[in-house]
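K.L.:
Sequence:
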Amino acid sequence: MDFTIKSKYDFSDLVEIMKILRSPQGCPWDRVQTHKSIRQNFIEETYEAVEAIDTEDTALLREELGDVMMQVVFHALMEEEVGSFNIDDVCDEVCKKLIVRHPHVFSDTIADTPDEVLKNWDQIKMQTKSQKSQSEVLGSVSKSLPALMYSQKIQHKAAKVGFDFEKTEDTLSKVSEELAELKEAIDNNDTDNMSEELGDLLFSVVNVARFIKVDSEKALYDATQKFTNRFAKVEELCKERNIDMANSSLSVLDSLWDEVK
Numbered sequence: 000m001d002f003t004i005k006s007k008y009d010f011s012d013l014v015e016i017m018k019i020l021r022s023p024q025g026c027p028w029d030r031v032q033t034h035k036s037i038r039q040n041f042i043e044e045t046y047e048a049v050e051a052i053d054t055e056d057t058a059l060l061r062e063e064l065g066d067v068m069m070q071v072v073f074h075a076l077m078e079e080e081v082g083s084f085n086i087d088d089v090c091d092e093v094c095k096k097l098i099v100r101h102p103h104v105f106s107d108t109i110a111d112t113p114d115e116v117l118k119n120w121d122q123i124k125m126q127t128k129s130q131k132s133q134s135e136v137l138g139s140v141s142k143s144l145p146a147l148m149y150s151q152k153i154q155h156k157a158a159k160v161g162f163d164f165e166k167t168e169d170t171l172s173k174v175s176e177e178l179a180e181l182k183e184a185i186d187n188n189d190t191d192n193m194s195e196e197l198g199d200l201l202f203s204v205v206n207v208a209r210f211i212k213v214d215s216e217k218a219l220y221d222a223t224q225k226f227t228n229r230f231a232k233v234e235e236l237c238k239e240r241n242i243d244m245a246n247s248s249l250s251v252l253d254s255l256w257d258e259v260k
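By numbering that gives the first Met the number 0, the letter at position 49 of the sequence shown is numbered 48, and the numbering carries on one by one without gaps.
For the record, the hints were derived by calculation from the structure and aren't laboratory data. Values in this document were obtained by computation on a predicted structure and should not be read as measured data. Keep in mind that a hint or two might mislead.
Claimed, not checked - Calculated cross-link-like contacts (lysine-lysine; reagent style DSBU-like; alpha-carbon spacing at most 30 Å):
{"no.": "1", "residue 1": "Lys124", "residue 2": "Lys35"}
{"no.": "2", "residue 1": "Lys131", "residue 2": "Lys96"}
{"no.": "3", "residue 1": "Lys212", "residue 2": "Lys182"}
{"no.": "4", "residue 1": "Lys131", "residue 2": "Lys152"}
{"no.": "5", "residue 1": "Lys142", "residue 2": "Lys217"}
{"no.": "6", "residue 1": "Lys152", "residue 2": "Lys35"}
{"no.": "7", "residue 1": "Lys96", "residue 2": "Lys156"}
{"no.": "8", "residue 1": "Lys156", "residue 2": "Lys142"}
{"no.": "9", "residue 1": "Lys225", "residue 2": "Lys142"}
{"no.": "10", "residue 1": "Lys159", "residue 2": "Lys118"}
{"no.": "11", "residue 1": "Lys152", "residue 2": "Lys212"}
{"no.": "12", "residue 1": "Lys166", "residue 2": "Lys124"}
{"no.": "13", "residue 1": "Lys131", "residue 2": "Lys142"}
{"no.": "14", "residue 1": "Lys173", "residue 2": "Lys152"}
{"no.": "15", "residue 1": "Lys260", "residue 2": "Lys212"}
{"no.": "16", "residue 1": "Lys225", "residue 2": "Lys173"}
{"no.": "17", "residue 1": "Lys18", "residue 2": "Lys5"}
{"no.": "18", "residue 1": "Lys159", "residue 2": "Lys173"}
{"no.": "19", "residue 1": "Lys173", "residue 2": "Lys142"}
{"no.": "20", "residue 1": "Lys159", "residue 2": "Lys142"}
{"no.": "21", "residue 1": "Lys217", "residue 2": "Lys173"}
{"no.": "22", "residue 1": "Lys118", "residue 2": "Lys96"}
{"no.": "23", "residue 1": "Lys128", "residue 2": "Lys152"}
{"no.": "24", "residue 1": "Lys128", "residue 2": "Lys35"}
{"no.": "25", "residue 1": "Lys166", "residue 2": "Lys217"}
{"no.": "26", "residue 1": "Lys124", "residue 2": "Lys95"}
As the list claims (entries may be wrong) - With beta-carbon atoms standing in for the labels, derived distance ranges:
{"no.": "27", "residue 1": "Asp87", "residue 2": "Asp169", "range": "47 to 57 Å"}
{"no.": "28", "residue 1": "Ser22", "residue 2": "Asn192", "range": "53 to 63 Å"}
{"no.": "29", "residue 1": "Lys166", "residue 2": "Asp87", "range": "44 to 54 Å"}
Quick reminder that beta carbons are idealized off the backbone N, C-alpha and C, glycines included.
My request is simple: use the sequences and hints to build the entire structure.
P.N.:
Written as structure tokens, this is what we have:
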């Protein structure tokens with residue numbers, strides 16, 4: 000194998016290593032992968048990088064960004080193998096996009112505030128993607144995003160053209176309205192509408208989160224983590240007090256739950 004072991008590698012070495020791994024003399028696993036087979040890996044690596052950001056772990060962030068970069072190279076290499084594009088084309092396209100969408104830096108457009116930058120960015124994005132309507136803008140939001148993130152982004156884009164509530168109280172009223180409709184569907188055992196009304200309720204809650212400037216995805220994640228931590232403490236108390244958690248009454252478990260809060 001024609002490869003030189005070094006004490007320090009760069010981006011070109013990563014590309015070369017991936018080519019070797021995909022070659023007939025490379026790795027049996029890497030050779031058979033497709034875009035779809037490693038799709039989940041891409042998602043997982045991205046979330047691991049996000050976790051490193053959240054925990055402010057610099058060493059871990061460096062490692063996880065490398066894993067994300069490897070995924071990008073992996074996918075680009077698959078396209079290079081069929082003659083579609085290569086990693087240089089990927090870099091070329093994103094560089095051109097950055098230059099076009101920052102005319103206040105690379106041209107003579109004036110944008111002195113972050114808000115002005117974002118306004119220009121949205122206008123340029125619509126032009127470059129040949130979007131003629133706001134419906135097309137909403138339709139361009141990736142449907143592979145987590146549902147809460149997807150709904151928040153859709154709402155944000157709709158709000159930019161004035162399609163929004165006026166104040167936080169309005170969003171809270173909408174939550175109450177949707178909750179009542181869900182209760183009605185449940186009371187009527189209307190299974191066809193339960194899912195729809197629950198979706199409307201969740202969408203309304205995301206509106207509240209957006210108005211109070213809370214990331215709904217992170218808020219739900221934090222709440223789930225809090226539940227997990229408290230559940231572990233309740234389980235510890237059960238063990239200490241010889242309580243059979245699986246067969247205990249809800250009142251006993253609620254009491255322990257209140258104790259660990």
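K.L.:
State for each hint whether it applies.
P.N.:
Hints versus structure:
1. About 28 Å separates the Cα atoms of Lys124 and Lys35, which keeps this hinted pair within 30 Å; it holds.
2. For the proposed pair Lys131 and Lys96, the alpha carbon gap of about 19 Å is at most 30 Å, so the pair holds.
3. Restraint check for Lys212 and Lys182: the C-alpha separation of about 28 Å stays at or below 30 Å, so the hint holds.
4. A hinted pair counts as satisfied when its Cα atoms are at most 30 Å apart, and Lys131 with Lys152 qualifies at roughly 19 Å.
5. With a C-alpha separation of about 19 Å, the suggested pairing of Lys142 with Lys217 holds against the 30 Å cut-off.
6. A threshold of 30 Å between alpha carbons decides the hint, and for Lys152 with Lys35 the separation of about 25 Å falls inside it, so the pair holds.
7. Between Lys96 and Lys156 the alpha-carbon distance is near 20 Å, which keeps this suggested pair within the 30 Å criterion.
8. For a cut-off of 30 Å, the pair hint linking Lys156 to Lys142 stands: about 14 Å separates their Cα positions.
9. A threshold of 30 Å between alpha carbons decides the hint, and for Lys225 with Lys142 the separation of about 28 Å falls inside it, so the pair holds.
10. Proposed proximity of Lys159 and Lys118 is supported: the alpha carbons are some 9 Å apart, at most 30 Å.
11. Between the alpha carbons of Lys152 and Lys212 the distance comes to roughly 13 Å, so the proposed pair stays at or under 30 Å and holds.
12. Annotation: proposed proximity of Lys166 to Lys124 holds, straight-line Cα distance about 29 Å (limit 30 Å).
13. Under the criterion of a C-alpha separation no larger than 30 Å, the hint pairing Lys131 with Lys142 is consistent with the structure, at around 20 Å.
14. For the hint pairing Lys173 with Lys152, the CA-to-CA distance comes to about 19 Å; that is within 30 Å, so the pair holds.
15. About 26 Å separates the Cα atoms of Lys260 and Lys212, which keeps this hinted pair within 30 Å; it holds.
16. The hinted pair formed by Lys225 and Lys173 meets the criterion: a straight-line CA distance of about 27 Å does not exceed 30 Å.
17. The suggested pairing of Lys18 with Lys5 holds, with an alpha-carbon distance near 17 Å, which does not exceed 30 Å.
18. With a C-alpha separation of about 20 Å, the suggested pairing of Lys159 with Lys173 holds against the 30 Å cut-off.
19. Among the hinted pairs, Lys173 with Lys142 is consistent with the structure: their alpha-carbon atoms are about 25 Å apart, no more than 30 Å.
20. Of the supplied pair hints, the one linking Lys159 and Lys142 holds, its CA atoms being roughly 20 Å apart against a limit of 30 Å.
21. Restraint check for Lys217 and Lys173: satisfied, since their Cα atoms lie roughly 22 Å apart, inside the 30 Å limit.
22. Between Lys118 and Lys96, the direct Cα distance comes to roughly 16 Å. Compliance with the 30 Å bound is thereby established for this hinted pair.
23. In summary, the hint linking Lys128 to Lys152 is supported, as the alpha carbons are separated by about 18 Å, within the 30 Å threshold.
24. A C-alpha spacing of about 25 Å is found between Lys128 and Lys35, which places the hinted pair at or below 30 Å, so the restraint holds.
25. Only pairs whose Cα atoms come within 30 Å are accepted, and Lys166 paired with Lys217 is accepted, the gap being roughly 22 Å.
26. Pair hint Lys124 plus Lys95 holds up; C-alpha atoms about 13 Å apart against a cutoff of 30 Å.
27. The hinted range of 47 to 57 Å is satisfied by Asp87 and Asp169, whose Cβ atoms lie roughly 50 Å apart.
28. Checked against the hint of 53 to 63 Å, the pair Ser22 and Asn192 passes, with Cβ atoms roughly 56 Å apart.
29. Here the CB-CB span from Lys166 to Asp87 is close to 50 Å, well matched to the stated 44 to 54 Å.
Of the numbered hints given earlier, the model fails none.
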